[in-house]
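Here the protein sequences line up with chains A and B, keeping their order.
With the working numbering applied, the first sequence corresponds to residues 1 to 396, in that order.
With the working numbering applied, the second sequence corresponds to residues 397 to 673, in that order.
Mixed in with the good hints there might be a few duds.
Said to hold, decoys possible - Incomplete in silico selection of chain B near chain A, CB under 7 Å:
1. 525
2. 634
3. 637
Stated by the list, open to error - One side of the interface only, derived from the structure: several residues of chain B facing chain A at Cβ under 7 Å:
4. 451
5. 455
6. 550
7. 552
8. 576
9. 648
10. 652
Unchecked claim - In silico lysine-lysine, BS3-like type, Cα no more than 27 Å apart, as pairs:
11. B:563 <-> A:35
12. B:487 <-> B:475
13. A:343 <-> A:394
14. B:487 <-> B:413
15. B:413 <-> B:614
16. B:475 <-> A:279
Hints listed in this document are in silico derivations from the structure and should not be mistaken for laboratory results.
Here a beta-carbon is modelled for each residue, glycine too, at the ideal position from N, C-alpha and C.
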Amino acid sequence: MEKTHPLPDERGHFGLYGGVFVPETLIPAIEELRKAYAAARKNPAFRQELDTMLTAYAGRPTPLTFCERLTAALGGPKIYLKREDLCHTGAHKINNTIGQILLARRMGKTRIIAETGAGQHGVATATVCARFGLQCIVYMGEEDIERQHLNVLRMQLLGADVRSVSSGSRTLKDATNEAIRDWVTNVRDTFYIIGSVVGPHPYPMMVRDFHRVIGDETRWQLQGVEGRPAPDAAVACVGGGSNAIGLFYAFLRDPHVQLYGVEAAGEGLNGRHAATLTKGSPGILHGTMSYLLQDEEGQVQLAHSISAGLDYPGVGPEHAWLRDTGRVHYASATDAQAIEGVKLLSKTEGVIPALETAHAIGWLPNGIRGMARNEVVVVNCSGRGDKDMGTIAKHL
Amino acid sequence: MQRLQERLAGCIQRREKAMGLFMTSGFPGPESTLPILREMDRGGADFIELGMPFSDPLAEGLPIQRSSERALQAGVRMKDTFNTADAFCAKSNTPLLLMGYANPINRYGISAFCRDARNAGVEGLILADVPLEEHLPFASEAAASSLGLVRLIAPNTPDERIREIDKATTAFVYAVSITGLTGSGLGAIEQVEAYLRRARDMVRTHPLLAGFGIGTHKDAVRLSHHTDGFIVGSALIEKVETLWNDGSKPTKTLYEEIRRFARALKEGDKTVEQEKA
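Kindly generate the complete structure, drawing on both the sequences and the hints.
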């Protein structure tokens with residue numbers, strides 16, 4: 001897993017962002033993880049184990065699907081979907097949970113904890129825990145438990161203990177607080193599988209490395225169908241930013257590839273939203289310095305999105321850096337645009353995307369305006385929409 | 397930071413265990429914090445920790461979480477915390493420290509924050525989520541404003557790192573008694589004592605105080621056996637919560653009970669002991 005750009009630095013910083021803002025109790029655990037991951041990263045046996053799990057269990061490589069009817073409907077560039085929705089458990093999240101559980105096993109950890117918003121990361125964690133027979137505890141906000149009930153049932157069926165979090169926002173932010181508190185309390189035997197490119201170093205780097213397979217596959221797949229490895233534009237939704245970094249990472253060094261991260265604009269950027277990079281400011285939350293939705297006093301504000309997976313007031317530190325450097329353009333799509341995105345992709349391509357993914361789809365009609373018909377756009381279809389049918393049904 | 401150093405040195409010289417008491421700013425209400433701090437002072441606190449409420453206090457157990465939430469709901473702001481500190485420090489020689497999380501300070505501006513804290517009479521800072529790895533901007537601004545920076549250690553901190561932390565602190569070393577949150581139970585006390593003995597061997601330059609999980613005089617005696625003193629937070633928050641939520645007692649009595657509670661933490665419950673005798 002060689003690096004394609006030299007960040008983060010040794011101390012886990014992406015420019016101003018990243019770092020390890022955690023209580024002292026977690027420092028030995030983070031140090032242990034940092035060393036274990038640095039060793040695993042260089043170990044061919046680990047790489048082999050990971051590749052085998054990704055192909056034989058998770059279903060990789062995922063297809064790159066040309067969207068003929070969507071392309072025609074939008075009348076612009078050729079649109080391809082990177083089909084992470086076809087991964088085992090229905091989203092890209094499993095790429096990372098496989099990587100982390102293999103690491104946890106190498107480290108001899110027996111107790112796995114995770115936070116979840118939409119439940120996709122929780123399901124992906126519960127899945128690999130079942131596969132390896134490890135105890136699994138998932139923290140989930142009360143509100144998310146209601147709106148993503150199907151995923152709660154899946155986690156329970158997989159043997160996970162789903163713990164409802166009723167503090168603060170009752171969504172992903174507070175589920176993450178509770179997971180960190182659990183980690184502080186059970187630091188010796190517990191491995192915390194963080195679900196996005198957030199948290200203290202080395203998580204943002206490690207989670208990115210486990211997801212970069214998305215972009216790496218896209219390169220050779222695109223080479224096969226278009227005769228060139230890089231598209232003209234790559235698009236992904238951004239909550240914490242794991243699926244986006246997974247796709248973008250392979251193209252960061254191709255300056256002609258336009259990269260678009262689509263955040264959740266909720267009810268609109270002047271109302272309740274979750275567009276951290278668009279409307280937030282630098283701050284420190286959950287162990288890292290990044291952009292944050294916060295008030296003048298540095299109190300973290302509640303995010304809002306129709307999609308539980310994007311309903312988070314922070315974002316990965318590497319995205320903060322990519323925003324400031326201008327390498328990635330961050331845009332946003334509203335709840336209503338996301339619903340339109342679900343309908344559009346379902347009707348034109350027979351693919352029902354997750355509400356998170358639907359933000360990237362919903363952004364397309366405006367976002368690709370001005371692009372030529374011979375240009376190529378790859379959209380990361382990060383997850384499937386089955387889990388969201390309850391929410392989607394209210395808007396049909 | 398001089399007053400804090402002198403106070404702790406005085407305690408050590410007199411072979412007395414120093415007692416630090418924590419209260420959340422703006423709790424149980426914006427007007428109540430200052431009189432509570434004064435009662436804590438009268439009850440024998442050697443220093444006061446005034447908590448700056450944060451929306452996501454991830455090292456805190458439920459009592460301090462609840463107190464922060466309540467304070468924020470009541471609209472407490474950083475300037476209110478400075479005003480409380482200022483009013484307290486104007487009338488007491490007992491050193492006051494601010495305790496909290498990095499983000500509100502970062503938002504305020506680290507330099508401006510340290511300056512305003514100093515102007516309010518604050519002696520030092522305790523930052524729950526700023527380990528050595530990230531402490532540089534905070535440490536240099538604190539030093540520039542003559543604020544002491546307390547550093548924490550935990551039971552799983554390796555020896556070498558404890559020594560490093562002892563060197564890096566400019567106030568005292570705060571030994572978190574357990575791998576856990578504020579307000580947790582102490583668990584197997586022999587383990588806690590073994591850790592504190594180890595910490596005592598490593599911390600040679602600065603005073604060493606134990607905190608987290610101390611709720612009674614008995615806990616305080618046991619945990620300060622190997623240290624220079626102890627810190628109580630959650631137990632005091634719970635005491636305030638119980639008293640204020642009850643609502644049946646006159647305000648004056650409530651404040652008196654805080655003073656009595658503080659004194660009992662430090663000296664034991666003399667009345668109970670006398671009755672027994």
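Here is what the structure says about each hint:
{"no.": "1", "hint": "525", "verdict": "holds (5 Å)"}
{"no.": "2", "hint": "634", "verdict": "violated (17 Å)"}
{"no.": "3", "hint": "637", "verdict": "violated (16 Å)"}
{"no.": "4", "hint": "451", "verdict": "holds (4 Å)"}
{"no.": "5", "hint": "455", "verdict": "holds (4 Å)"}
{"no.": "6", "hint": "550", "verdict": "holds (4 Å)"}
{"no.": "7", "hint": "552", "verdict": "holds (5 Å)"}
{"no.": "8", "hint": "576", "verdict": "holds (5 Å)"}
{"no.": "9", "hint": "648", "verdict": "violated (33 Å)"}
{"no.": "10", "hint": "652", "verdict": "violated (33 Å)"}
{"no.": "11", "hint": "B:563 <-> A:35", "verdict": "holds (25 Å)"}
{"no.": "12", "hint": "B:487 <-> B:475", "verdict": "holds (19 Å)"}
{"no.": "13", "hint": "A:343 <-> A:394", "verdict": "holds (13 Å)"}
{"no.": "14", "hint": "B:487 <-> B:413", "verdict": "holds (24 Å)"}
{"no.": "15", "hint": "B:413 <-> B:614", "verdict": "holds (13 Å)"}
{"no.": "16", "hint": "B:475 <-> A:279", "verdict": "holds (25 Å)"}
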